[in-house]
Every structure is written in structure tokens, then in C-alpha cells.
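Undergrad: Residue-level listing of the chains:
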Amino acid sequence: MTPNTKSNGGGLKSLIAKEDWWAVWIGLAFVIVALILVTIGTNMSGIAVSFPGWSNIVDLPGLIAPVLPKLLTLYIVLLIVFTIAVTIMKYNVKQFIAGFTLLFLLSTLVQILASWDVAKTLSLEAPVMALIVGMIIGNFVKIPQWFESGMRTEFYVKTGIVLMGATLPFTLIMDSGPMALFQATVIAVSTFLVIYWVGTRLFNLEKPFAATLGAGGSICGVSASIAIGSSVNAKKEHVSVSISMVVIWATIMVFLLPIICRSIGLSDGSAGAWIGTSEFADAAGVAAAAQFGDGATTTFTLMKVVGRDIFVGVWAFILAIISVTMWERPTEQQLADGTAQKPSAGVIWERFPKFVIGFFVASIIVTLVNLAVSPEMVAAIDSGALSPIKNLRGWAFSLCFLCIGLTTRFRDLAATGWRPFGAFSIGVAVNVILGFLFSTMWLNDYWTAVGASV
Amino acid sequence: MSKVKETCIQAACFFLPFFENGEWRTKGKSPWKTVREGEMTPERLRELGEYTEHRLNRNAEVMEFLMSIHDQWSVVTKKDGVFLETTTMDYEDILPKLQEAGFTRDDFVLYSEYTRKWGMI
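For the protein sequence lines, the chains are A and B, in the order given.
The numbering of the first sequence is my numbering, which starts it at 2 and goes up by one.
The numbering of the second sequence is my numbering, which starts it at 31 and goes up by one.
Result set (SDA-like, lysine to any residue): computed pairs, CA atoms no more than 25 angstroms apart in a straight line: (1) B:K127 - A:E238; (2) A:K14 - B:V112; (3) A:K121 - A:V134; (4) A:K236 - B:T145; (5) B:K127 - A:N234; (6) A:K236 - A:I349; (7) A:K355 - A:G178; (8) B:K147 - A:E207.
It is worth saying that the hints were derived from the structure and are not from the lab.
Chain B with its partners taken away, still in its complex shape:
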């Protein structure tokens, strides 16, 4: 395909969920819910602590990596995770770098939102 002139703006958004069942993950239960269902034991608390530490560390690693390859991120924190958004680098350029660095689709959720570049029909 010949070189395409851009007629839209892409907002590439990477969602880093605090738990595995983020906005898009309804089947897997949050460990915070699971932990309330059974009998609480010190071991279960430790497991939850380890899971949370692993999850948040992984989020921090993804965030750190994204910030190392691009410096224009808008960071928004919501109750179930962190959004990193940019309109100055396309997700098509970001994804291969993430994969190369060893991150998988389990570490983030990708959203792309488009807007008209000019006020056309």
C-alpha cells in the first residue's frame, strides 16, 4: 500500500490492571473477592500479598518501559488500574517493542480511540 496520509488521530491507551479481572476480564475473580470466600488463614494472606506484589511490580515494569520508549504519556489512575495514553506514538509502533521486551497481553489491555484529524463529515 502506498504511503497513507493520516485523516485521524489515534489515542493509544495501555491499561495496567491492578488485578487480572480488569475492565475486560469478567471471568477471573479478583483475589480480593476470592480471599473473602474461604476461611482466612495466614497462608492465604501471604499468597494474596505475594500476588499483589507481583501484579503491581509487573505494572510498574510495564509503565517504566513505556515511559522509557516515549515521554509524552498522560497517566490516569482509576480504581482498578492505571491508564497510560498517548496521541503522539501509535500502538502499532509500541506493541512490537513491548513484545521484544518480554511483556505479553496478560500484562496490559490495549485500547485505541480515534478522532477526526480535521472537522470533516
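Pulled out of the complex, with its shape left as it was, chain A reads as follows:
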């Protein structure tokens, strides 16, 4: 893995050196190719692979055999695309190819397993199945280094989110984005302040540590812990603990939130909004929301990507200013001669999750094309382009869910200590309760309607 550093982080070079940008290029390339294929009278269904339901294992070979050519084509296409990216990003290509191949095979097995009648009866759909299978393997089997090279959790989920942009009309984003922003901001700010206050006042944590914990629990999980930890020069130990807290609680929430949503019969739209507000990490949230319908995925995405993720840079900038002017306490001489460090607003762009740009661009492209063509063509785009893109998105997420399971090794998490655990957990309680009230009571009708509209 290439670490983020100050000297490799910016400029045009980052357009081909960062996973975020590669997720944008790959996602947009698929969308544009899909649209072009429909325009010339064909489509991308050759790589749209789904497995039929089955109940008896002896029927499996007969059901799977017809899907194999498409499956092989999908594997080759994804392998080529991702390998180009990792080659340019200077990862170990041989190890990636080997790791990706095994991951793809496992993902295929998980999807076949999820098509089993018994799994469907137990509500063990593909995302949950992938998580469980991954966690069992990851925690009980030693994963070789070459396999880890194929586990690019963030890469797959970001590519999936860019593809999701194509299936979400930009008009919907414009209509519901402000409401998502309002709900997400109120809850994120409240959660951050609670974790920070409890951390510094009750548990005597250092301020940069409490801020890093607060960011992980309120903005966007591990990504936020890393961004804010870097901005406030938090200690490595503190960033490690914050990451561990996020992973532990995100893993609990992947299972807990859908169970509660089902048990109280929430609509897809409300469930997605709650998960988008109260799940800590994008990939874990996608896995939780994907257990419901498209409506849940839509409201989750509005809440998490539009309402929360895009502001990580702003948080980083504000906290960097606070860190430099208050926590690091510049001397009077430094203040007088202007030599005290002062954060630049460039931090906002530096920390901005670039894949979100791809998400918006994909949405705008498809919306504009649909507005410009005939109703017949809109129908053709829906079946010939958007349907395969949804399928492809499903595969990207499936790879990601497996990676989450495989890489969530509880023995490798930091021994966090009870004080940060206490501060973070109190924040989790506030976040989940506020998210529940907003999504299922105060704005229930709104999110239900948004979920039902897709």
C-alpha cells in the first residue's frame, strides 16, 4: 500500500495515483460505455450476471452452466480494468491478480449460496452472507499476503458508489439533498460534540484524540479518523484506537440496524435514511442498506454521501485551525511575527472524497441524456444501460462486503482502553437515537416517500 504523504498527495499526479480518482474513472467509463452501446443498438448485458434461485444442490450445475460464459466475461473485464488501475498506482500487480481472482471466486460462491431457498428464508441475502463468510475466513484462517493485495475494500465500494450515481436521477439529489444535509449535519455535529465533550471533560482524553474519535463517530468512519487525525497531528496510537472503535461499532451496526429496521417494520426509505445517519462507514452502511430494496439504498446514499461524506474536508479545515490556534498554543513571539502555523483552505479540497465527484457526474450525465432523448430511448437506456450498471454495482459491492468480512480481524484491532471506548460508545448512543427519531418519526413520511419514488 502506498501511504498518503505530504509530497505525493497533490497536483495532477494524484489523478492517476489515488484510488479515489480511479474509482471515478472506472465508474464513469462503465456508464459512458453503457450509454454508447445502447445508442448503437446493443447493450452491456453480456456482463450482467445473476444466479437463479435453487433448492436442491443437484440442480445447481444445470442452473449455473448457462451463466458461466457471462461470468467469465465479467471476471475478465473487471480484472483488466482494476489491474490497469493498480498497475499505475504501483501496487504489486501479480499479487493483486491472484488476490482478485480468489476474491471473485469467493464472491461468486457467496452469491450462489445467497440464491439458495434456505438462505432466502433466513433473510441471509448476499451482503450479509458475504460479511459472515468473510469474517469466518478472516478470523479463523491465516490470510496470505498475496490475497490481501486483492482486498481493496475502499476501491470497490467507491467504484460502486460512482455507479450508483448513474442510477440516481440528479433531480432527486437536488430535491432531497438539502433535507439529507440538514438531518446529517444536525446529527453529525451533535455526535461529534458529545464524543469530544465526554472525551475531554469526563474521560480526560487529549483534545486531538477526542476530536479524532469524534470525527470517526460522526462524519465518515475510518476515512474521517484518518483525515482529522492528520489535520490535528494526532498521535499514531490515537488514530489506531479511533479506527478500531469505528470498525468495532460499524461491524455491530451492520447487523443490528437491519434487524431493528425489520422488527419494527420500517419502510425502505426510512431504514436507508437511518442507516445513512447512524452507520459509521460507507462500506458497512452499503452492506446494511443493501439488505433492503433500492429505496433504502437511495436514501442511504443521499444521507451518507451527499449529507455527510462531502463535508469531511470542511471538518478537517475547521479542526486544523482549532488545533493550531488553540491546542498547540503558539508563543506570543510566533503570533507577533506571524511565524505560527496557519492552515490553508486548500485542506478542504485536499481531504474532499474525490469519488463523490464521480457519483455526481454519473448522475448528471444519465439525467441529461434521459432529458434529451425520446421516451422509447429512455426505456432502452433503463433496460440496456442502467440495469447492467445496477448489476455491476452489485458485484462491486459484493467484492467490498467480502473484503470487509475478510479484513475485519478482531484480534488485530487496537486494545482501545475503556476511556475512549466509553466516550465513543456514548456518542454512538446519541447518534443512533437521534438518527432513529429523525428518520422514523420526525421525517418518516418524507424518507418513506423518497424511498418509494425510485
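Got chain A sorted already, so can you dock chain B onto it with the hints?
TA: Structure of chain B alone, referenced to chain A:
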């Protein structure tokens, strides 16, 4: 706190600015700008020369010291200074050594950048 297992990689970066108003120092003007504002005199040129010599010597001393306590630095030179980065020694271990050797926060700007240690959520 009990011993923490690391879940991230730290890139510790020390920026040695050529002038006092480096990337983070917007209030203090660079002597190269100041020198153009007033009337140029031999004395002003000498002052600038002395300042530049002092500044660059100080940078060299910090660089020399950092390289003496650790040998895995990536050195990148940009228009306004030199970056020394390492992912194999934490800044928490480096800072006390720098202070002990008499260097202050006026001599360098510290940045830390974190990356996930493994491909987790």
C-alpha cells in the same frame, strides 16, 4: 492505556522552509518580497544574504540531525522548502529528540498523514 495494535501507517513529514513564511506562514513576508519593496541598498542586500545563509544553514542542521537519528527518509525538494518524510519512525519519537538537540518549532513544520494499515472499511 494498554498496548495498542497499530491499525494505520503514519507518514511523519518535516518541512524545512527556505523562508519563514512557508506553506503555513502567511503573515510573515518572505525576505525576497520585502527586499523589493524599499530602496535597495548594499546594507539591505547584506542583511538578506545573512538571513538566507542563517536560514539555509539551520535547515541543513535539522536535516543532518534527522538523518543521524534515522536512515529511511524520503527527501523531496519543492519551491519553498525541503520535505523529509518517513513511514518507519513515528513523529512522537522524533519530536523529543529534536527538542533535546535544541531545535524548535520555528525550524520546521510538522505534518502527519495517516493511511489504513489494511484494506478495512
